[in-house]
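Number of protein chains: 6
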Amino acid sequence: MKISARNILKGKVKKITPGSVNSEVLIELPGGLEITSIITKKSVESLGLAVGKPAYAVIKSSEVMIAVD
Amino acid sequence: MKISARNILKGKVKKITPGSVNSEVLIELPGGLEITSIITKKSVESLGLAVGKPAYAVIKSSEVMIAVD
Amino acid sequence: MKISARNILKGKVKKITPGSVNSEVLIELPGGLEITSIITKKSVESLGLAVGKPAYAVIKSSEVMIAVD
Amino acid sequence: MKISARNILKGKVKKITPGSVNSEVLIELPGGLEITSIITKKSVESLGLAVGKPAYAVIKSSEVMIAVD
Amino acid sequence: MKISARNILKGKVKKITPGSVNSEVLIELPGGLEITSIITKKSVESLGLAVGKPAYAVIKSSEVMIAVD
Amino acid sequence: MKISARNILKGKVKKITPGSVNSEVLIELPGGLEITSIITKKSVESLGLAVGKPAYAVIKSSEVMIAVD
Chain Y
27 MKISARNILK GKVKKITPGS VNSEVLIELP GGLEITSIIT KKSVESLGLA
77 VGKPAYAVIK SSEVMIAVD
Chain P
27 MKISARNILK GKVKKITPGS VNSEVLIELP GGLEITSIIT KKSVESLGLA
77 VGKPAYAVIK SSEVMIAVD
Chain X
27 MKISARNILK GKVKKITPGS VNSEVLIELP GGLEITSIIT KKSVESLGLA
77 VGKPAYAVIK SSEVMIAVD
Chain S
27 MKISARNILK GKVKKITPGS VNSEVLIELP GGLEITSIIT KKSVESLGLA
77 VGKPAYAVIK SSEVMIAVD
Chain L
27 MKISARNILK GKVKKITPGS VNSEVLIELP GGLEITSIIT KKSVESLGLA
77 VGKPAYAVIK SSEVMIAVD
Chain G
27 MKISARNILK GKVKKITPGS VNSEVLIELP GGLEITSIIT KKSVESLGLA
77 VGKPAYAVIK SSEVMIAVD
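Chains as they are written, first to last, in the numbering used here: chain Y, 27 to 95; chain P, 27 to 95; chain X, 27 to 95; chain S, 27 to 95; chain L, 27 to 95; chain G, 27 to 95.
Please note: incorrect hints may appear among the correct ones.
[As the list claims (entries may be wrong)] In silico DSS-like links for lysine-lysine, alpha-carbon gap of 27 Å or less:
#1 X:Lys28 - P:Lys67
#2 G:Lys40 - S:Lys68
#3 L:Lys67 - L:Lys36
#4 S:Lys36 - L:Lys28
#5 G:Lys68 - Y:Lys41
#6 Y:Lys41 - X:Lys28
#7 Y:Lys38 - P:Lys40
#8 S:Lys28 - L:Lys67
#9 S:Lys79 - S:Lys38
#10 G:Lys36 - L:Lys38
#11 L:Lys28 - G:Lys41
#12 X:Lys68 - P:Lys38
#13 L:Lys68 - L:Lys41
[What the hints assert, rightly or not] Cβ-to-Cβ under 8 Å is the rule here; a few derived chain X residues that face chain P:
#14 Lys28
#15 Ser30
#16 Ala31
#17 Thr66
#18 Ser88
The hints are simulated quantities; they were obtained by calculation from the structure and are not laboratory data.
Cβ atoms here follow ideal geometry from the backbone N, Cα and C, with glycine treated the same way.
Work out the full structure, taking the sequences as your base and the hints as a guide.
The following block contains the structure:
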């Protein structure tokens with residue numbers, strides 16, 4: 027499946043913090059960057075996410091803001 | 027100002043494509059990564075964005091999805 | 027690629043309205059339902075979207091609201 | 027009240043999974059489709075949602091992505 | 027229609043800036059506050075929005091970030 | 027830091043409802059208005075949010091819908 031989301035960043039799962047409905051997933055990217063994601067607990071299970079496994083952070087471009095110092 | 031958005035990635039502006047109401051801004055991150063953002067044309071102006079200038083991509087963690095191969 | 031977004035609805039492209047940066051894409055679903063999507067013009071091109079072609083509407087569950095009469 | 031969100035899909039509540047702050051609501055649409063929504067627990071209460079009751083899934087078009095095989 | 031979005035702020039339309047697919051709508055709230063919204067041009071038309079008319083800004087709580095100085 | 031989000035509303039924290047992964051934060055604005063936000067529990071901690079403290083509600087304009095009676 028190819029998706030319209032313009033930002034698809036490859037990394038690996040660094041940490042999963044499960045909640046009651048949502049879980050927090052930390053993805054480690056190349057260059058020392060990290061991305062935090064909140065997805066449903068069911069998605070964590072259905073994707074088979076686990077620490078150390080490769081995964082992509084996917085972000086629709088309309089959800090990305092820009093900031094300057 | 028310190029914001030609750032968990033993802034604040036430092037890079038620099040690589041390209042700006044202006045539209046009528048929204049503009050597309052491409053941010054170059056360390057490690058060869060790139061992030062595309064859609065913000066209003068007025069925000070591009072009020073932040074003084076220009077190619078080559080440092081800028082942050084800011085993303086609320088609830089907007090980040092995860093994918094696997 | 028398998029994505030965490032819980033809502034992946036199969037249909038076909040009914041109409042594409044191009045703008046300057048964003049385009050509007052209308053997806054026809056089974057049962058007479060329709061879904062309108064705003065994605066970037068570049069995504070319309072890179073996905074090769076065209077009227078009549080099969081496509082999925084993909085929606086993160088945290089973006090879905092509920093209403094009652 | 028009439029809202030700008032372009033996607034208003036009529037169905038009925040199939041399942042409610044309550045969390046601590048957010049709850050997951052599954053809406054059954056015509057044609058066998060289903061939509062999963064994450065809304066606050068307080069909204070589930072204030073709307074009086076219950077399994078079997080009619081409800082709409084409401085989605086802003088800028089939140090809908092498109093995918094192809 | 028009653029919606030799950032927790033933030034429904036009553037005001038009136040102060041300005042509409044039409045684009046090719048999206049339009050920018052400025053809502054004036056009590057207390058001198060203003061809210062900027064980007065919705066589709068078609069929604070501006072179907073809601074019959076016009077400067078001076080009463081309107082609500084509607085925001086899902088998961089889309090609201092918090093910042094401090 | 028200056029951000030592209032067009033809606034930055036100054037108020038103070040009225041209530042914090044912690045969940046397992048996300049927390050609900052209620053901001054009181056001038057003119058008697060209130061805004062509800064869902065952010066991660068970690069963000070509540072890292073921002074040092076507490077009842078009575080000044081805070082901003084920050085909303086990207088593409089996340090704001092409009093409604094009429």
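Results for each hint:
no., hint, verdict
1, X:Lys28 - P:Lys67, "violated (34 Å)"
2, G:Lys40 - S:Lys68, "holds (17 Å)"
3, L:Lys67 - L:Lys36, "holds (21 Å)"
4, S:Lys36 - L:Lys28, "holds (13 Å)"
5, G:Lys68 - Y:Lys41, "holds (14 Å)"
6, Y:Lys41 - X:Lys28, "holds (19 Å)"
7, Y:Lys38 - P:Lys40, "holds (26 Å)"
8, S:Lys28 - L:Lys67, "holds (15 Å)"
9, S:Lys79 - S:Lys38, "holds (5 Å)"
10, G:Lys36 - L:Lys38, "holds (20 Å)"
11, L:Lys28 - G:Lys41, "holds (24 Å)"
12, X:Lys68 - P:Lys38, "holds (21 Å)"
13, L:Lys68 - L:Lys41, "holds (16 Å)"
14, Lys28, "holds (5 Å)"
15, Ser30, "holds (4 Å)"
16, Ala31, "holds (5 Å)"
17, Thr66, "holds (7 Å)"
18, Ser88, "holds (5 Å)"
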